[in-house]
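According to the numbering used here, the sequence shown is numbered sequentially starting from 1.
Since the hints were derived computationally from the structure, they do not count as laboratory data.
We put the CB at the ideal spot given by N, CA and C, even for glycine.
Hints should not be assumed to be uniformly reliable.
To be verified - List time: in silico PhoX-like cross-link candidates among lysine-lysine, alpha-carbon distance up to 20 Å: (1) 211 with 53; (2) 362 with 373; (3) 161 with 53; (4) 22 with 81; (5) 86 with 53; (6) 161 with 183; (7) 273 with 342; (8) 81 with 53; (9) 161 with 128; (10) 273 with 81; (11) 183 with 154; (12) 362 with 342; (13) 273 with 325; (14) 154 with 86; (15) 161 with 287; (16) 287 with 211.
Said to hold, decoys possible - Listed next, with one range per pair, are the computed distances between beta-carbon atoms: (17) 16 with 112: 17 to 25 Å; (18) 23 with 347: 18 to 26 Å; (19) 102 with 314: 38 to 46 Å; (20) 86 with 363: 51 to 59 Å; (21) 106 with 25: 50 to 58 Å.
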Amino acid sequence: MIYLDNAATSLPKAPQVGEQMKYYIENVGVNINRSVYAPAAEAGLQTLELREKLSEFFGHDDPNRVIFTAGNTAALNLAIKGFLHKGDHVLVSSMEHNAVMRPLVQLGVDFDRVPCDCEGRMDVDAIKPLIRKNTRLFVLCHASNVCGTIQDAKAVGELCKLHDIAFVLDAAQSAGHIPIDFKEFNLSALSLPAHKGLLGPQGIGALLVSKEFADRLDPLIAGGTGSMSDSEELPPYLPDRFESGTPNLPGIYGWSAAMDYVNQIGITARYDKEMSLTEYFISEVEKIEGIHLVGSHRTDDRLGVVAIDYVNLDNAEAADFLEQKHGILTRCGLHCAPSAHKTLGTFPRGVVRFSLGHTTTKADINAALAAIKESLL
């Protein structure tokens, strides 16, 4: 098996992720914030340490404002639904995932899409004409889950700060692959999944928030927190206010181990390796007749997410051939991002997506290239 679907979830996970999750289940297994016995204290310390690791890794200034969620989608729902009100206006790019678009549609708020070009690249100069007096929020997909194009988050953050617009960055694809600095990007909130570029387990994510954003954010879930238990009101302080119920402690143990590994291998070395393979893959794909490369042909503004469109073959049939005949696992279809595909000109047929990971080798890429060529015969 050759796994090239890391944009969906990383495989393999970082070393020690499974072991640490198993350790928690078999040797700790208790809740936090409810009791004072030793295992609860250990689990509480592990939880605090993960908040600190995430806060430091992303240039954030307060671990207490690292809110654990059920994943990146849950984090985005909290940021969007907990912040917006009737009459608000929102800006998004035309490359957004349904984890952003569906909450906006469900809320019924007014929004505008900042157009991106046919390679998924947004023109920051196109933002200002769309700003209204009631524009309250900009939500931006940092890197496309369809074609890997990276947006200029720093420039967007500067513009949002100038116009007093809250800025939420969806780092589903970028976290762990490229540097993200919360303060440098002027972020109000940063949403993260554990299981993609950060190489942790599924079922846990986080929303990192600024103090100003947190003060204007309403919880979506209410319940027990183990704090202020004499009151039926939620605690006013973070993270408790946004973390009602039992946390995903196996996920916390696993994610903490993953962050140790991500820090150990270094984000620059990892990016350089992945992009060297991506550059090679793209250069070879461009030589194959009957294949159209979707997205940027450059490597200085993208991640290792490569989308191809078969000119004379159904993309789903091609993806099935790659798996059945060669054991190459990809992702075809619309990738929960119809707006992105409309921008790229691949709606409704979709693409076949190859997404590289931290263990992808040149041999894997060569096998994929040979299989693509054979699928055209």
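For each hint, the structure was consulted:
no. : hint                     : result
1   : 211 with 53              : holds, 19 Å
2   : 362 with 373             : holds, 17 Å
3   : 161 with 53              : violated, 26 Å
4   : 22 with 81               : violated, 34 Å
5   : 86 with 53               : violated, 36 Å
6   : 161 with 183             : holds, 11 Å
7   : 273 with 342             : violated, 31 Å
8   : 81 with 53               : violated, 27 Å
9   : 161 with 128             : holds, 12 Å
10  : 273 with 81              : violated, 38 Å
11  : 183 with 154             : holds, 10 Å
12  : 362 with 342             : violated, 32 Å
13  : 273 with 325             : violated, 28 Å
14  : 154 with 86              : violated, 28 Å
15  : 161 with 287             : violated, 44 Å
16  : 287 with 211             : violated, 51 Å
17  : 16 with 112: 17 to 25 Å  : violated, 45 Å
18  : 23 with 347: 18 to 26 Å  : violated, 46 Å
19  : 102 with 314: 38 to 46 Å : violated, 27 Å
20  : 86 with 363: 51 to 59 Å  : holds, 55 Å
21  : 106 with 25: 50 to 58 Å  : violated, 35 Å
In summary, the structure is inconsistent with hints 3, 4, 5, 7, 8, 10, 12, 13, 14, 15, 16, 17, 18, 19 and 21 from the numbered list given earlier, while agreeing with the others.
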